[in-house]
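Undergrad: Turn these sequences into a full structure, and let the hints steer you where they fit.
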Amino acid sequence: MSTRIGVITFPGTLDDVDASRAVRYAGAEPVALWHGDHDLQEVDAVVVPGGFSYGDYLRAGAIASLAPIMREVVEGAAKGLPVLGICNGFQILCEAGLLPGALTRNEKLHFVCRDQKLRVENADTAWTSGFTRDEEILVPVKNAEGRFVAAPDTLKALEAEGRVVFRYVGGNPNGSAADIAGVASENGRVVGLMPHPEHAIDLLTGPSEQGLGLFTSVLGTLAGAPAA
Amino acid sequence: MDVMPKPEILDVQGQAVSRALTRIGVSGIEVRQGKHFELEVDDSVDDETLHRIAGDLLANPVIEDWTVTRV
Chain B
1 MSTRIGVITF
11 PGTLDDVDAS
21 RAVRYAGAEP
31 VALWHGDHDL
41 QEVDAVVVPG
51 GFSYGDYLRA
61 GAIASLAPIM
71 REVVEGAAKG
81 LPVLGICNGF
91 QILCEAGLLP
101 GALTRNEKLH
111 FVCRDQKLRV
121 ENADTAWTSG
131 FTRDEEILVP
141 VKNAEGRFVA
151 APDTLKALEA
161 EGRVVFRYVG
171 GNPNGSAADI
181 AGVASENGRV
191 VGLMPHPEHA
201 IDLLTGPSEQ
211 GLGLFTSVLG
221 TLAGAPAA
Chain P
1 MDVMPKPEIL
11 DVQGQAVSRA
21 LTRIGVSGIE
31 VRQGKHFELE
41 VDDSVDDETL
51 HRIAGDLLAN
61 PVIEDWTVTR
71 V
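Top line first, the protein sequences correspond to chains B and P. 1 is the number of the first residue of the first sequence in this note's numbering; add one for each residue after it. 1 is the number of the first residue of the second sequence in this note's numbering; add one for each residue after it.
Some hints here could point you the wrong way.
Dumping the calculated DSS-like pairs for lysine-lysine here, alpha-carbon to alpha-carbon at most 30 Å [to be verified]:
(1) P/K35 <-> B/K117
(2) B/K108 <-> P/K35
(3) B/K142 <-> P/K6
(4) B/K156 <-> B/K108
(5) B/K142 <-> P/K35
(6) B/K108 <-> B/K79
(7) P/K35 <-> P/K6
(8) B/K156 <-> P/K6
Listed below are several chain P residues computed to face chain B (Cβ distance under 10 Å; list not exhaustive) [claimed, not checked]:
(9) A16
(10) G28
(11) K35
(12) H36
(13) E64
Derived from the structure by calculation, the hints contain no laboratory data. In this text, a Cβ means the ideal position worked out from N, Cα and C, and glycines have one as well.
TA: And the structure:
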């Protein structure tokens, strides 16, 4: 039976279709999850895709973090369910308390949309196990609120514990602290990043195929260890 | 409830407003931008509840502070 990976759709989500396609390219079965449901449909992992859930009202990700499906995701994550948050999904995971820090308005206030080089700083998380440390990947970044901030103590702890998963290389697009593009939970099962690996899985439409590595990584992780 | 970015958080929107002020001939003023919420509540709603509303939803304690004022 193939691995089933849930992709959540909130009102205002944009990248659920590309995320589902990436799951399929990686060789897994994408399962559509609806924000209003309390049902994860027994998926093996969850992707929280990008977009503008609830129109970014209040704060980006704030209202989505309280949606019924997110309560299930938080409970699942506590039991080791791998969760990947991309862009608005990263913002949602921070607002839900699954990841530390917060994403704020870009330093120069502009919506930045470009192909961005990232360095894989931690190749031991559930979503990066297929990469090698210090490997560089090229994926699109597109956001207006991608500037990662956290308290100084939190930043110190993230660095010390190797929980910075991706760092911007060749220019920081938004003023993120320490060029941080993505971080992981303590157990490395929950990962969030602002850039969009799901848009870099096919040279027809993306700058590389390197984004696929996150999706194949989680398949490797799931195959290597029985779900908690 | 007033929600403001913490003092140590770079408020880029406030900075942009400050710069725009110079265009109407006002200089030397630093603006910080936040949010104001008006909640109609019964007198029985205690301060603890109001602060829980602020801390759990209206503000993000990682980046924002809040004040509660009853009027």
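Undergrad: Confirm or reject each hint.
TA: For each hint, the structure was consulted:
1. P/K35 <-> B/K117: The given pair, whose Cα atoms are some 35 Å apart, is violated under the 30 Å limit.
2. B/K108 <-> P/K35: holds, 21 Å
3. B/K142 <-> P/K6: holds, 26 Å
4. B/K156 <-> B/K108: holds, 25 Å
5. B/K142 <-> P/K35: Status holds; Cα separation ~26 Å.
6. B/K108 <-> B/K79: violated, 39 Å
7. P/K35 <-> P/K6: Holds, because 12 Å separates the two Cα atoms, which is no more than 30 Å.
8. B/K156 <-> P/K6: The given pair, whose Cα atoms are some 19 Å apart, holds under the 30 Å limit.
9. A16: holds, 6 Å
10. G28: Violated - the Cβ of P/G28 stays beyond 10 Å from chain B, reaching only about 22 Å at its closest.
11. K35: It holds, given that the least Cβ distance between P/K35 and chain B is near 8 Å, below 10 Å.
12. H36: At 13 Å from the nearest chain B Cβ, P/H36 fails the 10 Å test, so the hint is violated.
13. E64: holds, 9 Å
The structure shown violates the earlier hints numbered 1, 6, 10, 12.
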